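Quick mapping for you: the protein sequence lines, in order, are chains A and B.
Position one of the first sequence corresponds to residue 425 (my numbering), numbered consecutively onward.
Position one of the second sequence corresponds to residue 11 (my numbering), numbered consecutively onward.
Source of the hints: derived by calculation from the structure; they are not laboratory data.
This one's a predicted model, so the numbers in the text were calculated from it and none came from an experiment.
Please note that a few of the clues may not be correct.
[Said to hold, decoys possible] Result set (BS3-like, lysine-lysine): computed pairs, CA atoms no more than 30 Å apart in a straight line: (1) A:K593 - A:K567; (2) A:K438 - B:K143; (3) A:K436 - B:K124; (4) B:K31 - B:K19; (5) B:K199 - B:K220; (6) A:K487 - A:K576; (7) B:K81 - A:K438; (8) B:K88 - A:K430; (9) A:K648 - A:K576; (10) A:K430 - B:K89; (11) A:K436 - B:K151; (12) A:K654 - A:K642; (13) B:K124 - A:K430; (14) A:K654 - A:K487; (15) B:K31 - A:K430; (16) B:K151 - A:K430; (17) A:K527 - A:K501; (18) B:K143 - A:K436.
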Amino acid sequence: MRYAWKEITYEKRKYILIELLLILLMFMVLFLTGLASGLGRDVSSAIDTMDADQFIVDESAEKLITVSAVETGLLDKLRSDGFEAAPLDIQRMHIARPGSSEKLDITYFAIEPGSFAEPEVTEGSPLSESGAGHPILLDDNFKAEGISVGDKVVDPASGYEFTVAGFVKDRMYCHSSVGYISGDCYTELRLAYNPMYQTEYHAIAVKGDKAPDIDTEKYEAVSKHDIIQKIPSYTAEQMTVTMIVWVLVIVSAVIIGIFNYIMTLHKRRQFGVMKAIGLSSAELAGMVICEVCIISVFAGAVSLALTFGMAAGMPEKMPFFLEVPNALIVTAAFIAISVLSSLISVVNISRIDPMIAIGGGDNE
Amino acid sequence: MSEILLELKDICKSYPDGSEKRVILDNVSLSVQAGEFAAVVGPSGSGKSTLLSVAGLLLSPDSGSILIAGKDVTGVSKKERTHIRRRQIGFVFQNHNLIPFLKTEDQLAFVQDKSLKDKIRTDDLLRELGIEKCRRQYPSKMSGGERQRAAIARAFVNDPDIIFADEPTASLDAERGRAVAEMIRAEVKRRGKAAVMVTHDTRILDLTDKVYRIENSRLVTER
Ligand SMILES: Nc1ncnc2c1ncn2[C@@H]1O[C@H](COP(=O)(O)OP(=O)(O)OP(=O)(O)O)[C@@H](O)[C@H]1O
Ligand SMILES: [Mg+2]
């Protein structure tokens, strides 16, 4: 450890350069990790944060809530079976401020007010306690559009009007901000489009992992995890970004390995001398591994600090969310792969013949 | 009669040369006592470095045996050989071969066997070799003579039985070369070590106790 550090400080310039390169790469890796979770949350946070463990959807919906249809009677049955259950409809539409032609994307989550499917408000009041007619709870992204509690918003096509009862935090579905409305409002809204609309639910959210007694010919109980995986674009996006992250992690670690290997080749004679004067291959390997550890731990720590520092100053709308465990896993993997890649150097050193120390100095 | 610290018995070593075998050392025997400073001379390519490498356990002989401080170490494992080189053998090379990123005191600490710390003190060595002022200097900041003396200090730091020096004065001018050879002699005498020095410089042979010459793969006593 001591000697590895001495070597690094002796050849500062070389090591600072490689550190800079690694910090840049690792910073990119961590940034992308944050982006991956951010994008993931953009797609799934409204489901992910819901206090439910499974969802009943119709069997032919292939776990996609938005195309499923569940009879209203099933909710009563589940409740009488002792389950905590809540209905859920998900509908992507537009809203606008009254008199404005600018349409904003929204995904309605139609729920039963007061059920566990209703999120906590960060501002304003919950649906059931709001005195206003047709209350709606909006994701706080809408605040950036200049909407505040008490404002009216309308469905532009039908003219159906909501009053903003409050705001909720981090509720997104499929890259669209969510608005929570009551099932009754939802039915009225649908009737405005289609007078034949019959009330049914897209899905029923259920608490607990106990398998509900349902007609498996018609319905399917799907875990929250599986529901999220099936949200359109979720898996594809996560896979792409995650792949880039890991390719970068491996590239950074291999760069350390190659750098280290080139250094070893340059120092063949020095290692030969060390062996000749009685240092064992194990001691030399220890030095090399120690050096790689120092380089990679340092690069990891600095880029972690940089990334978290930057995350703090990031604009609200940016889909960036760095989870500490994720960041640590990526960094630890980077360090581990770096150390693994330095084993090439270790093998190389163990093959050096101490004989090269004797005689002239030209056989570097 | 002093203790014999190095004994080579009937060492043979040859290198393959095409389909032939080229004999470099042919039944070479040599013994060096405590406090004795021996020199090996001979033309270039005669096998002086090869002899030193065999005696210094860097190269295995084809036949014959090597005894260090009375113990036969001919067939020991690679790991044991490394250990013996560290504990019982000190090397001084033609180029100082110091570690570039270590200051003189760290050069010594780097190879020093920790259990020996009190036996040979770095301070004493540096003082005896006249390089106390280089204690905290990197090799790149030292003169050629100082580097070679630092290398000598490193060779002595583990209180070895034998010192092997391969042309330790070759990179220095006559005056400094002689000074370095004198230092080796002084340390060998003071500490009762055996030393074998390969050299081309006939002007320093008067500092040695015995001179051997390699001729036609054989070792002959010249003086
Ligand atoms: N690994 C090897 N393979 C084949 N031949 C070798 C090898 N090492 C040395 N030799 C040969 O052995 C002979 C003796 O080499 P050695 O280095 O011992 O000579 P030397 O007496 O030290 O010469 P110099 O005074 O030039 O240093 C040389 O002719 C050399 O070509
Ligand atoms: Mg030689």
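Q. Which hint numbers does the structure go against, in order from smallest to largest?
A. 6, 7, 9, 15 and 17
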